[in-house]
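Protein chains in written order, with my numbering: chain A, 1364 to 1619; chain B, 1364 to 1619.
One thing to keep in mind: the hints can contain errors.
The list treats identical chains as one, so a pair stands whether inside a single copy or across any two.
To be verified - The calculated lysine to aspartate or glutamate pairs, modelled on EDC-like cross-linking and capped at a C-alpha distance of 20 Å, are:
(1) K1457 to D1406
(2) K1522 to E1442
(3) K1455 to D1419
(4) K1527 to E1442
(5) K1455 to E1420
(6) K1455 to D1418
(7) K1424 to D1449
(8) K1424 to E1515
(9) K1455 to D1421
(10) K1486 to E1432
These aren't lab readings, by the way, just hints derived from the structure by calculation. Small disclaimer: the values here were computed from a predicted structure and weren't measured.
There are 2 protein chains.
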Amino acid sequence: MSLNPSINPHVSTDCVIFGFSQETLRLLLIRRSIPNRLTDVNDIHYALPGDLVRDDEDLDKAANRVLSELTGLKGIYLEQFHSFGDPLRVTKPKDRAWLESVRQDPDARVITVAYMALIDANKAVLQPGSFSKEAVWLPISEVPELAFDHNEIFENALKALKEKVQIQPIGFELLPEKFTMSQLQSLYETILERDLDKRNFRRKMLNSGVLIPLSEKQLGVSNKPARFYSFNRDLFENSDSRYLNLRMDGSFSLFG
Amino acid sequence: MSLNPSINPHVSTDCVIFGFSQETLRLLLIRRSIPNRLTDVNDIHYALPGDLVRDDEDLDKAANRVLSELTGLKGIYLEQFHSFGDPLRVTKPKDRAWLESVRQDPDARVITVAYMALIDANKAVLQPGSFSKEAVWLPISEVPELAFDHNEIFENALKALKEKVQIQPIGFELLPEKFTMSQLQSLYETILERDLDKRNFRRKMLNSGVLIPLSEKQLGVSNKPARFYSFNRDLFENSDSRYLNLRMDGSFSLFG
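Just chain A, with the same shape it has in the complex (with noise of 0.2 Å):
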């Protein structure tokens, strides 16, 4: 079988990358402009990054490969998901204009192998290409209605990343290498969307072997200055097991 580089009509692969700034959960959208027909001005709309799979990639490399042509985003490790499949993703008139656009056949069923990804928005550089006219961070709380099924993408991705954040130890990157709790709390507090418990998240924190506390502390504050905390990567990157469950020790749910 000789394989054709060209591109697979009925497979995509889409990339949802959060990212944290400012104490803030973004999202990574794309702007597109799009012809319309009625007003003779180019509509501009959002939507996650995502293309079309060539015939001669796998799906983690046609993920890297769109996100980078589409954001300038590169060397990101993207988790694989879900797939999306409804017959009818790609079939809402909204969506017409644009794939008439930019597809050789608008009529196909497109099936979408969806990734995920949390990074520091302040190291990542932007660098929109192809038919991505803008790449953006958006507050999650803030993200409009985007193309195809993409809120639905998003939203089942974020709770996806909200169970992950109880059982891996994702996310201590986006922190600096010294942290105090506050700092950690804080993160999972925006990764979660609410408030915690300060001595229960302490407590389950300390507990899971996760953090090296450190003998240093906090300078130049003018309260009780706050332990500093590492994190114990050789743990986890030694470990049989990746995770780490903070959800239990008698309870069900992690801050409770």
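The hints should help you fit chain B onto chain A, whose structure is shown.
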């Protein structure tokens, strides 16, 4: 756009069905009969139940249809767990004869969306159909070479199942309504493929809240009679979180 109820040549679904019976974890496989041009005798190949998706069905529906057509199993809750898209996954010579015998376009690249389930093998009524000549349960330690990348899909599903059983209350439907701690431990040991420390297991299970201790005890045993437990279904069905974190309180693994 008119939907074509025909087959999508580029997307398939595969089902990894784990079955528990006689204290053994088994995998449901279909046997296919493939013409061998050299020997004139049909070769027998094993594969996961899987087939192409129709253009008018969503992925969950496709998985259920395919499973039912090939094995007779109906009404099983299938969970999507990963999509596999190596461009070369259906190009191996060993799979060629079969592809040519059943596919209109045997050269088409196929991306597969994989589903999994864990069921009681004793209650499953198997009735093979379509290109499946037989549907069989094989102990997971005796899984032979399978079609395409099905060994990889099975290994990934097994890994996912082992993670899952430690953070979600799955598998309880495989036990009688009232069960002893030993029966529960035996189920976990079978799924995790390793021995567990009895005291640790008991403590974590009791702390989890997932068990309701019954006043009833075993009858007709010579030793100290064991207490019966039932599964605290309400807690999970009415809970915000379906997660049960058995891995931690102070340690990183459930049974470490």
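Output the numbers, in ascending order, of every earlier hint that fails for this structure. none
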